[in-house]
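Protein sequences appear in the order of chains A and B. For what it's worth, our numbering labels the leading residue of the first sequence as 8, then goes sequentially. For what it's worth, our numbering labels the leading residue of the second sequence as 4, then goes sequentially.
Just so you know, the hints here were simulated from the structure itself, not pulled from any lab data. Keep in mind that a hint or two might mislead.
For lysine to any residue, the following SDA-like pairs were computed, each having C-alpha atoms within a straight-line distance of at most 20 angstroms [unchecked claim]:
{"hint": "1", "chain 1": "A", "residue 1": "Lys105", "chain 2": "B", "residue 2": "Lys85"}
{"hint": "2", "chain 1": "A", "residue 1": "Lys82", "chain 2": "B", "residue 2": "Lys408"}
{"hint": "3", "chain 1": "B", "residue 1": "Lys85", "chain 2": "B", "residue 2": "Ala250"}
{"hint": "4", "chain 1": "B", "residue 1": "Lys179", "chain 2": "B", "residue 2": "Ser124"}
{"hint": "5", "chain 1": "B", "residue 1": "Lys413", "chain 2": "A", "residue 2": "Gln97"}
{"hint": "6", "chain 1": "B", "residue 1": "Lys413", "chain 2": "A", "residue 2": "Lys135"}
{"hint": "7", "chain 1": "A", "residue 1": "Lys135", "chain 2": "A", "residue 2": "Gln197"}
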Amino acid sequence: MIVLNNVHKSYVSGSNSLHVLKGLNLEIGAGEFVSIMGPSGSGKSTLLNILGILDDYDEGSYQLDGKKIKGLNEKQAAITRNEMIGFVFQSFNLISFKNAKENVALPLYYQHISRRKRNAIALEYLDKFGLKEWADHLPSELSGGQKQRVAIARALISKPKIILADEPTGALDTATSFEVMEILKEVNDQGITVIIVTHEHDIAAMTRKIIRLKDGRIEETIINGELKMYREKVRTDKTFNYV
Amino acid sequence: MFDVDIWQEIFSTIKKNKLRTFLTGFSVAWGIFMLMVLLGSGNGLQNGVKEEFADNAVNIMWLWTGETSIPYQGLKEGREIKFNNQDYDFLTSKAKDIDQVSSRFFLRGDIIYSYGKEYGSFSTSTCHPTLMDMEKIKLTKGRFINDLDMREFRKVIVIGDDIRKALFKEEDPIGKYLKVGSVPFKVIGISKDPKSNSNRQAYMPFTTAQRLFNGGDRVHNFTLTTRMVKTVKEAEAIDNNVREQLAKRHDFDPTDKRAMGSFNMLTEYIRTMKIFQAIKMFVWIIGIGTLIAGIVGVSNIMLILVKERTREIGIRKALGATPGSVIGLVLLESVLITTIAGYLGLIMGVGLMEALNFGLERMFAQGGGDQIFFRNPTVDFITALSATAILVLSGALAGYIPARKAANVKPIEALRDE
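Kindly generate the complete structure, drawing on both the sequences and the hints.
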């Protein structure tokens, strides 16, 4: 699904150049449930932006579902994002003056689907997440967990191949965080690739693969047995501080 | 372009920011309102002054004679210059730049008009049929002097409405005979200047008057219309040309204003109209300046709006909004605000001027308002239309820079958690 080959990315500001990604190689198959971890400055947000076609890279190659992503113009990028990728953000990023239903329906607006049809679909998705009664409420009238569920519904409505979640539980309490992770797991069970960026070990431990970045490179990929150990450690060792 | 959704998007943002939208719209409405009021006032002033010129043909010219004040070709000053019938023939046939001519012969002394027991003293204008056209004489009844009257030296007369009232009271004077001095004249028409309170003038054929009152071939003055021109320079040239032609016939210095006086309306008319052209231009400049202030206001507000909505635009772009759709959103909102507000301003401005006009017309209809140089202060359809076009255009202009800024919003930057 995602193949990154020797990807470099630098940010240039004035005479300073900041080399963020230093030859990243990464392969994520369809249907994987992956978390990306790493200290701040390790390049995880940059990686997510490149994966989400919100930013371009300098060198190397990125293939998304067999399609090479490089130097797309804004329109092509927008269309690809709309069709392929669903975003979930830490701060939900719902549009404040639109109610839950309209927020969920927004991606379909950009697919030029009629208002009635997309509102019906949005209602269906809200129903799936138990939010049907809240369809006509503004985001400010919803709790954090409800907001994130609305955001996930919005990310899913365009039937994307990938969900990119940037600290999806960062603004939520533990119970709600687990609830949201449970939903993301269900989404993943339907065959959608889910990639989340997080710095919380217990959240990362709920995914099936952990990619740890350090200084613009992949330091470690934890899967299978190692992951089991990792999970055990997270559960038992309260002082555990791996990052 | 016509997409219900995009309008719903726009209306929802407008609804959310009522005060801001109102203030923005107000500045545009005010701009166009002022433009309309200024243009209307300019037109009103121009029409008012035009109305002053409307008493006569704008290219009318009067010539009269006096004594020479400059020695000329061995002839000393103080000579009396007199027009005659040959001058009339010359002016109507050979003279250059001249269109219509009417001679006038003054009746000497106090001429008493009488009918039955009623009598009074009124002024008499002796003229050719062309005078009606040149001095814009309006008849309420009957006809004006014609060529047959002239040829046959008929004793016919057109009387002013005040003469009719004084001599005939309620009687219909047409076909009746009144006496001018001791000579009976048949009344053929009644004239009335709707704008004047005094209609004490009577008109009789020049030929009749000249013969009847022992004029010989003497002409006291000429009323004529000249070739129509566009510039003051040309009008002055015509004036000089006419003077030169007559100076040659009567041997006086063409610059001698005492020997022959002349007044050329066209010069004044063109000069006045030039002033109004300048006023009109000035009004447009001020009006458009006011409008630009309004438009800059809209642009400013839209910029703030884009800044405020950066995050929202970022979300939209992340969800698949193309730059085109973002530009459309901002641009349409800007055009919508300017167009609606501008149209309201247009209606208010035009409405005010129409109301003013209504009041003025009523005042004029009641016979008042002689001293007001202000008529029909309205804006014509084409001007209003072009103002509307300017509005839509400026709305697009006002929205363009903010829209570009919106389209350039980078989702990563917009969505960064602060």
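(message) Need the status of pair B:Lys85, B:Ala250: alpha-carbon distance at most 20 angstroms?
(response) holds, 11 angstroms
(request) Quickly compare the C-alpha distance for A:Lys135 and A:Gln197 to 20 angstroms and report which way the hint goes. (result) Status holds; Cα separation ~13 angstroms.
(request) Please work out if B:Lys413 and A:Lys135 have their alpha carbons no farther apart than 20 angstroms. (result) The hint is violated at about 32 angstroms.
(message) Just to be careful, I want the Cα atoms of B:Lys413 and A:Gln97 compared with a cutoff of 20 angstroms; is the pair within it?
(response) Holds. B:Lys413 to A:Gln97 sits at ~18 angstroms (cutoff 20 angstroms).
(request) Compare the distance between the alpha carbons of B:Lys179 and B:Ser124 with 20 angstroms, and conclude whether the hinted pair is satisfied. (result) holds, 18 angstroms
(message) With the threshold set at 20 angstroms, check whether the alpha-carbon distance from A:Lys82 to B:Lys408 stays at or below it.
(response) Given pair A:Lys82, B:Lys408 holds - Cα atoms ~16 angstroms apart, limit 20 angstroms.
(request) Take the C-alpha atoms of A:Lys105 and B:Lys85, compute the straight-line distance between them, and say whether it is at most 20 angstroms. (result) Violated: A:Lys105 and B:Lys85 sit about 93 angstroms apart, past 20 angstroms.
Going through the hint list in order, the structure does not satisfy hints 1, 6.
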